[in-house]
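Chains as they are written, first to last, in numbering that gives the first Met the number 0: chain P, 0 to 403; chain V, 0 to 178.
No wet-lab data here; the hints were simulated from the structure.
Glycine is no exception: its CB is placed at the ideal position from the N, C-alpha and C atoms.
Among these hints, one or two may not hold up.
[Unchecked claim] Just the calculated beta-carbon pair ranges, DEER-fashion:
1) E119/V to K54/P: 31 to 39 Å
2) H101/V to H87/P: 54 to 62 Å
3) P82/V to K118/P: 44 to 52 Å
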Amino acid sequence: MSQNQIDILQRALHREKLARKQAEKILESKSLELFKISEELKDVNNKLTSLLDEKTIQLQGVFENINDAYIVIDIRGNVVKMNDTAVHLFGYNIKEAPINVKSLVYKEDYKYAINSFKKLLSNGSFLNYTARIFTKKKQIKWVHINASVIYNKQKKPIAAQGIIRDITKAKFSANLIEKQKKALEKSNNELQEYAHIVSHDLKSPLRSIDSLVNWIKEDNKEKFDVDTLKNFKLIEATLEKMEQLISDILDYSSIDSTNRTQQIDLQKLVLDLQKTLFIPTNISIKIHNKLPTIKGDKTKFQQLFQNLIVNAIKFNDKEKGFIEIDFLEKQRYYQFSVRDNGIGIDEKYHQSIFKIFHSLDAKKGSSGIGLSIVKKIITLFNGDIWVKSKLGEETTFFFTLKKQ
Amino acid sequence: MKGIVFTEFLDLVEHKFGLEMVDKIIEQSKLDSQGVYTAIGTYEFSEMLQLLQHLSRNTGISIDNLLLVYAEHFFSVLKDSYPDLLNIYTDPIEMIASIENHIHVEVRKIYPDAELPTFEIEERTEQSLIMIYKSSRAMHYFGLGLMNKTFEHFNASASIVLEKIKDDGTEVKFIITKN
């Protein structure tokens with residue numbers, strides 16, 4: 000071998016040695032890197048395992064503590080898991096004997112159940128399935144079910160889970176409420192009819208008494224002394240008051256419905272009222288802002304303003320009395336006010352005055368129905384009424400009528 | 000450039016021209032690595048260029064032809080190292096057409112810092128494929144060698160015409176027609 004060849008071999012050998020060392024170094028750093036990564040992975044794996052445990056415990060808790068029945072079925076409908084509530088609801092326990100959901104379906108709902116199950120498999124879930132089931136104890140129960148399909152990694156359906164709520168009681172209550180509602184409507188109508196009849200029937204004997212009293216008076220014109228005549232006057236006044244009372248009751252009982260088709264000019268309505276009502280000369284009525292034209296029922300609005308104005312007149316004790324009517328337009332409603340400088344209302348009565356037969360002063364010829372009629376009309380138009388007052392000085396009634 | 004390209008190259012030079020030639024081209028080149036290569040290291044591309052230039056000068060074989068031969072050798076290295084990658088394919092055109100979308104994607108998983116050429120598909124039929132090769136390395140003959148071996152691997156043959164789009168060979172059109 001020539002020296003040249005030896006040199007070449009030596010150089011080659013030297014390069015190979017260095018290359019080996021280089022490779023070892025690279026591999027060592029790579030293996031260190033791998034070691035670190037594997038440590039990190041172990042760490043992550045531990046975290047994931049504990050997270051999984053935690054979630055499993057949470058799920059188990061939900062499964063056991065949920066108020067509704069929870070079951071898992073395979074795709075043939077065999078129950079594979081059920082919580083205590085489910086055992087309680089169905090009466091069956093898979094720990095004792097296998098069951099298939101088909102055996103739980105109430106006969107008449109079978110078709111609906113099969114269709115829903117098909118839908119569940121094709122859509123992946125269904126909500127608000129409501130039907131009857133047949134329990135082990137041969138009871139029929141209404142249930143509400145939300146269900147979803149469980150898929151495996153290859154997205155193939157392997158099972159389905161459902162949350163089942165017993166709605167038998169709710170269903171029963173709903174039926175009961177519906178029945179009671181109908182009964183209530185019926186008795187309401189009857190009551191209204193009854194009020195009509197009673198009012199009319201009560202008025203005719205009153206008129207007879209009135210006529211009889213008049214005849215007695217005529218027949219005994221000369222014989223009665225002053226006291227007796229005074230008593231007769233009292234009888235007449237009482238009869239008048241009683242008739243008014245009956246009319247008011249009739250009005251009150253007929254407020255329940257309204258038509259809102261007419262356009263009512265409230266300004267004109269109140270001005271007309273002023274012409275027909277008896278207004279003593281010491282009392283003045285003023286309208287501050289021109290009242291609006293709104294959709295509603297003329298008779299009802301008349302009753303509303305009339306009652307408030309009449310009250311304001313009736314309870315005015317001042318030498319120079321006034322009644323001020325005002326109006327404000329808000330975004331969603333109209334607000335009205337009727338102010339007077341009368342006797343005022345003690346704050347403790349501010350609520351009770353709107354109740355039927357609550358009169359502040361029976362002597363003033365008040366039936367105690369006026370404000371309850373007002374309140375009823377306002378309620379009909381989705382409004383509200385309240386009062387502000389200084390006892391002995393003034394009273395303001397505020398009320399609102401909702402815009403259509 | 001990945002070390003395996005160097006080690007396989009020098010092995011081929013030794014096999015074809017002897018250890019003396021290996022020593023000669025290393026000695027003639029100015030190499031940061033001193034000619035010390037391991038398959039798992041990474042080295043400058045300029046070193047490969049110098050080695051190729053000196054081999055070409057010493058043997059009188061053009062660089063393009065050297066690359067062609069080297070690529071044919073390199074294909075068998077790939078076949079031995081990554082048989083699964085090749086087994087996915089049943090057709091050479093299909094395999095070559097998926098260089099960009101599959102093979103290079105896999106390469107990057109193992110070597111995230113690899114600097115790869117691009118092969119844009121311009122036209123593709125059952126029997127033919129037109130691709131544009133782009134790389135600052137101008138190693139289109141290396142590509143050609145790999146393609147030749149690909150057809151051979153599937154017991155097929157093809158005529159592959161190269162048309163330089165840029166004179167320096169950094170952009171070359173491959174017109175491949177299956178026979």
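Hint compliance check: list the failing hint numbers for this structure, sorted ascending. 1
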